[in-house]
Every structure is written in C-alpha cells, then in structure tokens.
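So you can see what is in the structure, the chains are spelled out below.
There are 4 protein chains.
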Amino acid sequence: MTASTPSGRSAPRLRADAARNRAQILAAARAAFRESGTAVPLDEIARRAGVNIATLYRRFPDRDALVSQVVVDGFSLVLDLARAAGRTAQTDPLAAVESFLQGMIDNRELLSLPLIGGPMTSDPHARELQQQIAATLEDILAEGRGSEALRHDITAVDLIATAALICRPLPHLPPGQAATLATRHLGVFLDGLRPEHTRTLPPPPTHEEMSAHLVTEETADL
Amino acid sequence: MTASTPSGRSAPRLRADAARNRAQILAAARAAFRESGTAVPLDEIARRAGVNIATLYRRFPDRDALVSQVVVDGFSLVLDLARAAGRTAQTDPLAAVESFLQGMIDNRELLSLPLIGGPMTSDPHARELQQQIAATLEDILAEGRGSEALRHDITAVDLIATAALICRPLPHLPPGQAATLATRHLGVFLDGLRPEHTRTLPPPPTHEEMSAHLVTEETADL
Amino acid sequence: MTASTPSGRSAPRLRADAARNRAQILAAARAAFRESGTAVPLDEIARRAGVNIATLYRRFPDRDALVSQVVVDGFSLVLDLARAAGRTAQTDPLAAVESFLQGMIDNRELLSLPLIGGPMTSDPHARELQQQIAATLEDILAEGRGSEALRHDITAVDLIATAALICRPLPHLPPGQAATLATRHLGVFLDGLRPEHTRTLPPPPTHEEMSAHLVTEETADL
Amino acid sequence: MTASTPSGRSAPRLRADAARNRAQILAAARAAFRESGTAVPLDEIARRAGVNIATLYRRFPDRDALVSQVVVDGFSLVLDLARAAGRTAQTDPLAAVESFLQGMIDNRELLSLPLIGGPMTSDPHARELQQQIAATLEDILAEGRGSEALRHDITAVDLIATAALICRPLPHLPPGQAATLATRHLGVFLDGLRPEHTRTLPPPPTHEEMSAHLVTEETADL
DNA sequence: GATGAATGAGTTTTCATTCAT
DNA sequence: AATGAATGAAAACTCATTCAT
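Residue numbers (the numbering used here), protein chains in the order written: chain V, 1 to 222; chain S, 1001 to 1222; chain P, 2001 to 2222; chain C, 3001 to 3222.
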C-alpha cells in the first residue's frame, strides 16, 4: 500500500527527514480533520505533527493541498479494502460485501476524509481511485447477482453511500461504542441484502446524475 | 409543540420584530451548522439571518446558547416524529419504525444538530427530550417484539444511531440525491429488521455505558 | 475641497468618531506610502493613525482599497491646484504653469501616491479626475500658445510627467533640501519653456499610446 | 571598468559557475529593486536569478551587502558616463551635459539604485565614486561657465539631482513611453540651461548641508 | 430593541535566515 | 559550491465580543 507516498510521476524524491515530517503532518491532519472538520486550524495540525507551521506550508501550499492528499490516501486504502474483499467474491459474495464494509469500520480512523464543510478536492488522482473503487465493488455485486446470493437492486453507489454513512465519526461518543453501534447497524443492513427481500427500493440516481459528483464529491464522504 | 418558541417557563414575551429576528437567527444557524459545523463564524449566521451581529448576541449570549437552542428545537421535532410513529405501532410496528426513520430523512434539513466538533449542549431540557425519545422508541420496539414483527435484538439506541447515521448531510452531494441514497439504504436496513434474520449482532453497549453519553452527546448526533 | 470625504453617491454617512478615524488612517497611509512605498506594513499605518488594525480593515477591506483612496485624494488636490493655476492663465500663462508646478512641490507631502511598485488603482473616480486634470492643463497651454508666452511643442502630458518627476521624494535627503533642489530644477525647466527655445523635442507619445495608461497609471506617479 | 566584477583588491577569484551565479543575482536584484524597491523579498531575487536562496546568502551575507553592490555597480556606470561626457566638454560644454543626462536616461535600467526606502549603503567604495562623479561634473560646468555656454548658477549637485529625477522609473508606464517623456523633459531643461536665462534660482544647498548626504544618500537616488 | 463601530486575540500566510546534506 | 529543508518572527487578515449611539 502506497497511500502516503508521493506519486512517483513527477515528485522529486524527498530527503529522509523531509519524508518523515511529511508523513507526520498527514497523520496529524487525518486525525484533526476527523475530530474537528477540515476547517481545523493548521497551527494545530503542525503542532500535533511536531513541526513548525512553515514546514507544513512548504509541503502543502494551502489547506486544499493538504485536504487533497488526505483524501487520496484515504481512497487508496478504500481501494485496497475493496480489492481484498473482491478476492473472496466468487466463493461468497455476501461475505465479500461484509468484509469490505466491516473493514471500512475497522479502519475508519485512517479514513479521515473531508466529512463536512470545506471545499472538495478535484485531484485527478482521487477521481481515478474513485472510479477503480466503484468498478471493483460493481464486480463483487455482479458475482452476487449471478449466484443469487445478493438482492439484485443494489448498486456500487449504494455500497459507497453505506460506507460513507457508517464510517463517519459519531462525535462525542467513545470510539469503541461508536464502532459497536456501526457494526450492529451493518449487521441489520447485511441481513437486508439477501435476495429474499420484501421491499422495493426507490430507483437509484442515474449514472448521469451521479457521475458529476461521484468522483469529486460523494465518495469523498466515505 | 412549537420548536422555536422559547420555553414558556420564564422567558418574557418578545416584541413581534424581536421574535421574528430570533426565528431568523435560529433558521440561519440551523442551516449554517449543517453546512459548516458548529464552529461556523457567528458573523455569517447573523448575515444570513439579515440581522446585526450585536442582535444575535443580545438573543444568545454565546455560541453555546445558540447551539443549545438549535439542539432543543431539533430534539423536539424528533420527539414529535417518534410519537406520531408510535401511534401506529400496535397495527404495524415495522411500519412505525419506517415512518420514524423516513420522517427523519424527510425532515433532516430541520435537524441541524451539532454534528461534528464543538461543545455539546448540557441543557436539561435537551436531556429530558432525549429520554422521552428513547422511551417512545422503546415502546414501539416492545410492540414489535411481542407481535413477532421485528427482530428481537434491536434496541432503541440502535434506532437512534441509525437515525444519526442516515440524517447527516453528505456534503457536496445535491440534497435530492443524498436523500435518495439515504432512503435506499434505509430500505435495505428495514428489510434486515424483520424477524427471519440470519445474523447475530454484537451485544449493544450496556445501559451504563450509554447513559453517560446518551443524553448529552450521542443523540445530539441525530 | 472634498478629497477625503467618501463620495456621496452611495456611502452611508459615517458616525463622527468613525469619520475621524478614517481621516487619521488616510493621513497615516499617505505619509507611510511616501516614506516606504505602498508595500509598507498596514500594522504600521494603523499604529501611526492610533487605531487598531482591525479598524483599518473595517474601513478598507484590503491594501488596494486604501491605496486607491489615497490616490483619489491626491488627484483631487492636483485638480484643485490645476484649476487655481488656470484662473491666472489668461494674464500670464507661464506664471500659471509655474504656479501649478511649484504648488505641486509645496504640497508634495500630501501627494503621497503610489510611487513605486504595487498595483495601481483602477478606481473610476480616479480616472475621471485624471481626465479633468489633463483637460485643465491643456487649457492653460492653449492660452500660452495663443499669446506666444510658451513654446508650442509642450503638451499636458509633459506637464503631468514633469510634476511626477519633481514631486517624488528624494529619499534620505532632508525634505527641505529636496524641495530646494526640486525648485531649482523647476526654475531651469521653466526658463526652457519660453518660446525662444532652440531645441527640437522628440515627438510626444500619441494620444492612443498614452490614453491606455494616462488614467490608470502614468499620472498615478504624480 | 566592469561594474559587476568584485573589486580586485581582496576578493578570491570565483569559480566560473559561481561568477555566473553572482552576475545573475546582481542583474535580478537590479531589476527587482527598480520594480519593487529594495524591500523586495530576497526569495524573489533568487528565483529570478535562477539560484537557490542559500546561494544568494553565500554571496551576499545580508540585504545590505546586495544593495551596496548594486549601488556601487550603478555608480561605476555613472562615473563612466560622466567621464565620457567630460571628454567633449571643451568643444561644447552644453553638449557634454546633454550627453551625460541622456546617457543616464538611456542606461536607466542598469541604474537600479535604492530609490525609495531601505537603508542606504555606506560603502567606502561608493563614497569614493560619488566624489569622483561630482568632481567630473564640476569640471564640465567650469568649462561651460568659462565659455559662456552655460548659465552660471548651476552646480554639480543640480546635475546630480536632475539625473536622479529623470532616471527613476515611472512605474506602470511602458518603459518606452517613460523614456520618451524623460527625454522631452530633458530637452526643455537643457534649453533652460543656456546663459540667456531670465529666472533667478533660489540659492543651492551649501556644501556643508549637502556633504553629509551627498555621499551616503543623495546620489544614491540617481 | 437594534445597530455601527471598535478592538484584542486569534489564524493564515510569508519571509529572512540558518543548518545539514 | 550549491541546494533542500527547517524554523522563528513578522505581516496579513479574520473573528468573537463589547461599547456607544
């Protein structure tokens, strides 16, 4: 997994100490964004990372650049989770879905993405990752539909939305209890995913409606 | 019960224009909190309400007072929804749950509660409302368990957590699409609520664990 | 003379204390710009004006707004000087030119205009003043040409450029000496203005060339 | 004498690449000082020169050292111009003055001296150059007075002040137009220099008054 | 009761300068 | 000799809060 590594494309390799600082800044930002939103003072992020504020600015010229990188790192992890789940899809598609969504809950501390407010990233790397995530989840669902292991009316977008809903912090709740509640909620949801469902869902947003937002916005809330 | 009216206990009746200003401030605060969190500049709330910042301060001596009132208004509405749903619980408990949760989605714009960051209210009025909400939901679930219309392992806290998860804004998504996705998610969840479930849920947080948070914090995330 | 008064068009009248602060800020800015250029710290201007920096920002939302107003005030004064000089033009056009240029030297402390660096104002009020200044000077020159009191090849733009050259501070020189040197230089220049000149000047910039800059830029250096 | 070469006295000869960097830094500083004053960020000078900021610091330990060198280079050029003009002084003193002042205009881009703000250099080399410049100009004027080619009341300080006035940038004016206006202004001034003048000039600053500033300050504005 | 105004205390952003590679 | 990196200090700008009208 290469989430925090600057993309090899054009970035001149960083000196060892600079790379360490960069990673600490990203970790601090991830935590601070989760706790207080992306409007949290950059001062505080620098302090938590143990670097001077000017060092933060050297690496990330403005808040958006920092947010973008945290988003990209998070999306990388999500893609890893989706692919790992996909490997078991042929055997048991429902278990694959569970594995993905439970993995999201378990790793939610690393998924500190812009949860509320603030401008969304339009980083092309993020777009690319989102498309790969959606495609991977769609493959899992296709398996499930073929083997009658999953209801037919669920789409990849539904799984992404579900992940977004259950991963966000329930502020003011101790993390352990928030995870317990999310897992219980997920359990009921998974039971509802089996094919013998009784309820007709409203039609999902069309591809056109979503595509404008899928990449730059919606999945950012994962 | 009318949410935005100051509790009749001790509040001196407001002049007509003052009451109008107060209502506009609360509406602006609700929207701003939803969009940007409770740390949003008070300036901006005043501007959106069309009043001077000093007028806002006259009505609400500090940010907390404003947050508290928005929370109380929101909880009042939640209680209204729960009671309305409870009236149909004997006939069809699952439909009552659905009515409650769908009502939460439909009214989510009015539920701008402190969703992330910021200090939580400890208003006694809010505590009281929360207990009434939990009791009302518990009554519905008891009906459902008795008539075998609902799985037995679901608690009022689960419903509150579910409401919290599905009502929060998916920022950057057009509201209509966010609602559609939430409703589809809810549909699957409701299918999973029926008694013929297959999955065992992890044990819920104990009453002791929750009680510390239930009132002042957890349900504030609704 | 109404230089420092906000244009009556749309400005809501200021409270007395606010108007006093505004005038002090402008006076401090004028002096500071002259001494240190328009990039001088706004902190320092606020301190010299005896107000808080936030008060400065309330009146002038950014540096440009402050620079613009100083420019406009300066142009107003220049127009006043030109008009006063114009009143004697029929009697003695050369004396009118002298009166204008010497007046510029004598009042140069009030003409603190953006002298070097920094973005130039494009305030429409400033443009208007510039055109009036140029027109007034042109009238004086026309008188002089008619009465053979002035050489024919001088234009209003030349007078504006001359004013710009002689009014700017000679930094590091005591003001009195700078004024003496400017006045002596002006004396020679005025002798060169008489009609029995011997030298052919290079052609002036065309109206088209200048008009793009006359208003927003060139005369800003006065 | 080549302006940018470090004085041969004690400087260890630079490696070829280092000498190139040094020249680029000085050229960039000259331009930046002219455009934005001597308070311009050193970062920007380094960037324009295509070198790292630390390289700039290696060559010039602080801003003053850089300013001093730019001043000395400029004064060297001024002295060259004065001497070249002096060679024709016997034949035609007025033409010599013209040659000097027009040369200043033509070379003004290379004369980026501290024009406004910032600490003045007290480099002894600069002092020396200034005295030589003043002496050379005085020689020219003496010729002119002897041959009745120039008015008698003009001093070397007047010529230096005139050069200072006409060489400074008129910011925001295209360089070509600024030069045209300066040349036209100079034409009138030169006509005023002829002996049949009509106007009495105010007395010049005494030598004592000027001498305190002549070297360290006044001519720095050239 | 409402508002224009002022200000102190942040937060963001930039810059000069030094250090280690 | 040159550079990437780091940092403290300053400057730009914003915000919560109080005061006087």
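Some clues are possibly wrong.
Rough simulated footprint, nothing fancy, chain P against chain C, three-plus residues with beta-carbon under 8 Å [what the hints assert, rightly or not]:
no.	segment
1	3033–3045
2	3159–3171
3	3180–3190
Here are the simulated distance ranges between beta carbons [claimed, not checked]:
no.	chain 1	residue 1	chain 2	residue 2	range
4	S	Ile1053	P	Pro2041	53 to 61 Å
5	V	Ala54	C	Pro3061	17 to 25 Å
6	P	Leu2014	C	Arg3127	45 to 53 Å
7	P	Thr2183	C	Glu3109	34 to 42 Å
8	V	Pro202	P	Arg2013	52 to 60 Å
9	C	Arg3058	V	Ala54	19 to 27 Å
10	V	Ala135	C	Pro3061	57 to 65 Å
Because the hints were derived from the structure by calculation, they are not lab data. Quick reminder that beta carbons are idealized off the backbone N, C-alpha and C, glycines included.
message: When the structure is checked against the list of hints, which entries are broken? Sort them ascending.
response: The structure conflicts with hints 4, 7, although it agrees with all the remaining ones.
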